[in-house]
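If you read the sequences in order, they're chains U and V. The first sequence begins at 1 in my numbering and counts up one residue at a time. The second sequence begins at 1 in my numbering and counts up one residue at a time.
If you are wondering where the hints come from, they were derived from the structure by calculation, not from laboratory data. Glycine included, each C-beta is placed from N, C-alpha and C at the ideal position. Don't take every hint at face value.
Some residues of chain V that are not near chain U, with every Cβ distance over 12 Å (derived) [what the hints assert, rightly or not]: (1) Ala28; (2) Thr96; (3) Glu148; (4) Trp222; (5) Ser233; (6) Asp251; (7) Val254; (8) Pro292.
Simulated crosslink set (DSSO-like; lysine-lysine; CA at most 30 Å straight-line) [unchecked claim]: (9) U:Lys22 with V:Lys237; (10) U:Lys45 with U:Lys22; (11) U:Lys45 with V:Lys288; (12) V:Lys237 with V:Lys210; (13) V:Lys235 with V:Lys257; (14) U:Lys45 with V:Lys120.
Among chain U residues calculated to face chain V with C-beta under 7 Å, some are [stated by the list, open to error]: (15) Ala4; (16) His5; (17) Ile7; (18) His8; (19) Thr18; (20) Leu35; (21) Ala42; (22) Val44; (23) Ile46.
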Amino acid sequence: MSLAHAIHRISTDEGFATQFRKDPETALTQAGFTLEASVRQALVKIFQDPARVHKLLSELKAGPDGPDWA
Amino acid sequence: MHQEAFECVVSLWDQAGAPALSEILVSAIQSQKSVSLFGDHPFLQLPILCCQAAGGNPRLAKSVSSAWRILYFAAYLLDGVADGETPVSENGVNTTLAAACLSSAGLLLAVDDQEKIVSKTAQSIQSDFQRVVLIACNGQINDLTRTEPTLDQCWQAAREKTGEFYALASRSGARVATDNQECIDLFSDFGLHLGMLIQIGDDMNGLWPKNNRRSDLCSGKWTLPVAYAMEVSSKSKRELLQRYLGSINTDPIVEEKARQIIVESGAMLYLVTMAEWHYSEARGLLVKAAYPGQARDELLGLLDMAIPKRSL
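If we strip away everything but chain V, and leave its shape as in the complex, we get:
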């Protein structure tokens, strides 16, 4: 499935006279990490499952699913650059590739005329894709430029960067299945809560180093647990944490001390509670919106995958 999506993009770029971009894309998706990421990543099924759960034929969501895969890939590339995981020498190429993918994803909805999506619906989904790309870019910009965001600002960035992104996939899948706006909105809100759950899990994971990846603390990222601790802690604790965060790269023991302040402030319990809330809301919305059946069960399975495991 992912192969088809990327072939569509390559064909679009070739037609637009940009074969160099196509070559870079082919090389990027052939890398081992990309293959394992995109081979059967369950979250990539979101548009198709939402279409099916909203009563539609999953084939209707084929082009939406392709467009979503391209956006997902662009987000993956941008995330690598923003998190400093991509070699500096590849940052330029990956950012260019991601920008090209972001601007092309919506176009996939216009090139597939075999799935019989009503053109008005296709246009509306295309506009939605473009709108969400702008929102997600705004979230990334805020994430990169706000060095010490407040807790509210962190939640806003999580919504813009991730929540809206998953809401788009869910409502687009539902939109090709039905024109019932109430149903589409329910799926949209389900996707939003799912995306927020994923972002919470990501920020919780990031507090610790994992698989040779530095922790977010070491990378200087001001994520939800840090913003929470800075929001609720006493002045003396805030100053201490600030001092630790400023010297993490010169003293490894300081990372553990900073983490201890964050955990003792209740940050993880707060995030687990927020995860529980998003999980309950998403589940309730899905039960209300979706027809009972395999697709609904699989969407519930995605929710279970997204909730931070240790809180279950």
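Same shape as in the complex, but just chain U:
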């Protein structure tokens, strides 16, 4: 559950979020989050683009697009 807790920390702790944006690797390691390399890569990719995250969050009220059912 390291990824879930890491993202929760980024979402709710502004200080940690700032540190993560500056240096994701160090921030995660210092906070004790151990993530597989590929998962870490996906996390960094999502958060390295603040505009993308902002766009995602601001559009969430309308609901994301996607397949109708699975």
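We have chain U already, so just place chain V on it with the hints.
Same frame as chain U, now just chain V:
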């Protein structure tokens, strides 16, 4: 193509002395929603595209594709019942029809002797279909009986209900094209990641009402975003969310409040990150397994369709 698949099932059931089931099936597939769903749904092409991308003649995957369509239809019916979207009066008929489709899908591989699939391969795919049907049923049972699953349990259900289902379609398509087990496994894992992407999109969509459909929150479904929020939030937030979820049907404003707690916990960012991971893994596997060409490009297109759009 879908017409042929259903005609095969009707013929099987007629031969087995079950014409009443055939009539129900014909009536169900003639409904407008089913026609639009099955007419040209791109995910139905999965076995044929995987066969082609693995170097096979797409005609070889014809019976596999028919069997996959029948499973897809059964899953559609069961999903409607499980999500409360089917009128209660039709639940019994649809569940019976779905069960009959689930048990018949694999048989389609045995009735088509024109496509020259080696019988050993056909038998092996047939066993695989039966195994995956059992796994998917187990996932549905867990989904229906676990009222408040943990995040791990939600991921397990997503894998059993959807991931394994798409893995089956992909590896079956590859299996009729090649006997290279490493290649088949790569396609299987590609399908698994594709299925997980679709389930993530479905759970993300479900957090909001859409096209006259109630949200999953209103339906009382404990999906990935809810399980995430309950996993990571503080005790006070968890209790608040629990209280909101318990009173959603009596107070519409509460739905928005519950959704706010879930979004603020980071649930959507978590799911987008997981989607990004599944997308990257699937893409890498496909590039490794598939021959370059139109089929591979179309499979990459399916991946792009499956990833939640707003995260791109």
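Results of checking the hints against the structure:
no. : hint                   : result
1   : Ala28                  : 16 Å, holds
2   : Thr96                  : 21 Å, holds
3   : Glu148                 : 16 Å, holds
4   : Trp222                 : 16 Å, holds
5   : Ser233                 : 7 Å, violated
6   : Asp251                 : 19 Å, holds
7   : Val254                 : 17 Å, holds
8   : Pro292                 : 24 Å, holds
9   : U:Lys22 with V:Lys237  : 29 Å, holds
10  : U:Lys45 with U:Lys22   : 13 Å, holds
11  : U:Lys45 with V:Lys288  : 22 Å, holds
12  : V:Lys237 with V:Lys210 : 26 Å, holds
13  : V:Lys235 with V:Lys257 : 17 Å, holds
14  : U:Lys45 with V:Lys120  : 45 Å, violated
15  : Ala4                   : 5 Å, holds
16  : His5                   : 6 Å, holds
17  : Ile7                   : 4 Å, holds
18  : His8                   : 4 Å, holds
19  : Thr18                  : 16 Å, violated
20  : Leu35                  : 10 Å, violated
21  : Ala42                  : 4 Å, holds
22  : Val44                  : 10 Å, violated
23  : Ile46                  : 5 Å, holds
Checked against the numbered hints above, the structure violates hints 5, 14, 19, 20, 22; every other hint is satisfied.
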